Structures are given as structure tokens and as C-alpha cells.
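Visitor: Chain order of the listed sequences is A and B. With our numbering applied, the first sequence has no gaps in its numbers, which climb one by one up to 270 at the end. With our numbering applied, the second sequence has no gaps in its numbers, which climb one by one up to 133 at the end.
Because the hints were derived from the structure by calculation, they are not lab data. Note that this is a predicted model, so its numbers are computed, not measured. Some hints here could point you the wrong way.
[As the list claims (entries may be wrong)] As a list, the in silico EDC-like pairs of lysine to aspartate or glutamate whose alpha-carbon atoms are at most 16 Å apart:
{"#": "1", "chain 1": "B", "residue 1": "Lys67", "chain 2": "A", "residue 2": "Glu257"}
{"#": "2", "chain 1": "B", "residue 1": "Lys40", "chain 2": "B", "residue 2": "Asp113"}
{"#": "3", "chain 1": "B", "residue 1": "Lys67", "chain 2": "B", "residue 2": "Asp113"}
{"#": "4", "chain 1": "B", "residue 1": "Lys87", "chain 2": "B", "residue 2": "Glu26"}
{"#": "5", "chain 1": "B", "residue 1": "Lys95", "chain 2": "B", "residue 2": "Glu26"}
{"#": "6", "chain 1": "B", "residue 1": "Lys132", "chain 2": "B", "residue 2": "Asp103"}
{"#": "7", "chain 1": "B", "residue 1": "Lys120", "chain 2": "A", "residue 2": "Glu215"}
{"#": "8", "chain 1": "B", "residue 1": "Lys120", "chain 2": "B", "residue 2": "Asp103"}
{"#": "9", "chain 1": "B", "residue 1": "Lys120", "chain 2": "A", "residue 2": "Glu182"}
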Amino acid sequence: SQTIHQWPATLVQPVGSPLSLECTVEGTSNPNLYWYRQAAGRGLQLLFYSVGIGQISSEVPQNLSASRPQDRQFILSSKKLLLSDSGFYLCAWSPVGATNEKLFFGSGTQLSVL
Amino acid sequence: AQSVAQPEDQVNVAEGNPLTVKCTYSVSGNPYLFWYVQYPNRGLQFLLKYITGDNLVKGSYGFEAEFNKSQTSFHLKKPSALVSDSALYFCAVRDINTGGFKTIFGAGTRLFVKA
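Construct all of the structure, not just a fragment, from the sequences and the given hints.
Guide: The following block contains the structure:
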């Protein structure tokens, strides 16, 4: 069966420090991968999605970047965190080529930038 | 652009009573609609989806949703609410215009079920 791992669960970082959040998927090949941010326990904002290694689509201009160095690995990064980067970050995957399929979410990372 | 709207920030219901969480959509073409649930400090979990076929879709934990094309709605329902149903519920639509890669979420509705 497929599983998605996201870490760390909680992170407290000072303003101006770098960020690296990692997400890996097991049990499937060539998944579509996504990073979402959830502010204040409400709506989800799509940050990045990827349909293959090295292929990243950015949804909104921001202080963050994403990379997909391996088929089932998706990394969210920042060189210098801002206070506004605080939030709950969720990684998700969906099967390749299936536009009617659901998303499978990781358990999330609560990021606090102080 | 594809979008979904959840008009209620919060829904309160007594345990044992029926519940409805509302969602309306705006899409071009056939909608691919979903409901997800989120418990505190967790990722979202899939409840059910409508792609085609019967307008009444049954999902996990006794939930169901009714697709209404004329009203462009996809309301989530459950005949008898449980306290454990208290959570944040999201309606979502798959954005077919961009190849179906993106899922657009509503703002979420918080459900409180009182014992």
C-alpha cells in the first residue's frame, strides 16, 4: 500500500533562517506531488505541484521554492524565512494521469517563524 | 476559473440530528468534486467524490453528498451526527482546465457536534 511521510511535525525557526521540509511517498511510481499551506486552521493554498522529477510549477510568487530530486521526494525550501511564512504545511500526492483521483495527504508540519 | 464556496464558517448540530455542510461550485465543463475532513493538527482525509453517475454519493463514516447540477451544489450530509464528527470539512474541485493536476479547496466549514 502507499504511504506518505512528511517531517518534521513541528518546527520553530527564527526570521531570516533557512528552511527545508521533506516529503516522501512509498508504494507508487511517478506520483503527482503537491505542497499546500494552511493558515490559521482554515483554507488551503496550493504552493507548488510537480508532475515529474525536476518539473515544478509554482502557484504564487513567494519566499519559498520546491524541488523534486527523486521520483518520490518533494522538498520545500526557503533561503530566508519571513514571519508571514508561518503556517501549517501539507504535502500530498495523487496517482499519475488520473484527473479524477483524490489526494493523499501527509500529517503536516506546523512552522512557526519568530 | 474553477472554484468552490463554503458559505458557512461553522455548523452546530446536536448529536443524533442530521447534519448538512454546504458547498457550491463554479466550473467549466463537468465537475470533479470532493469532500475532505481534517482533524486537529492532521492532514486531510478523503471522504467521498463525485465524478459522474448517481447524484447521491456515499462515502466514509456514514457521510454522503448530493450533486445538484441545476443549483451547482454538492452538499455533505449525514443522517445522524456523532460527537466524533466534529472537525473541519473541505469541499474541493479538480481544476480540469489546467490538465487536472490542481485541486482547488474551499475555505472550510467547522462542524461542532454537541452531546
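Visitor: Would you mind marking each hint as holding or not holding in the structure?
Guide: Tested hints:
1. Lys67/B <-> Glu257/A: Measuring from Cα to Cα gives roughly 9 Å; hence the hint holds.
2. Lys40/B <-> Asp113/B: Between Lys40/B and Asp113/B the Cα gap is close to 20 Å, so the pair fails against 16 Å, i.e. violated.
3. Lys67/B <-> Asp113/B: At roughly 14 Å apart (the allowed maximum being 16 Å), Asp113/B and Lys67/B satisfy the hint.
4. Lys87/B <-> Glu26/B: Measuring from Cα to Cα gives roughly 20 Å; hence the hint is violated.
5. Lys95/B <-> Glu26/B: Distance of about 14 Å is within 16 Å: holds.
6. Lys132/B <-> Asp103/B: With Cα atoms ~10 Å apart, Lys132/B and Asp103/B stay inside 16 Å; holds.
7. Lys120/B <-> Glu215/A: 10 Å, holds
8. Lys120/B <-> Asp103/B: 27 Å, violated
9. Lys120/B <-> Glu182/A: Violated. Lys120/B to Glu182/A sits at ~21 Å, over the 16 Å cutoff.
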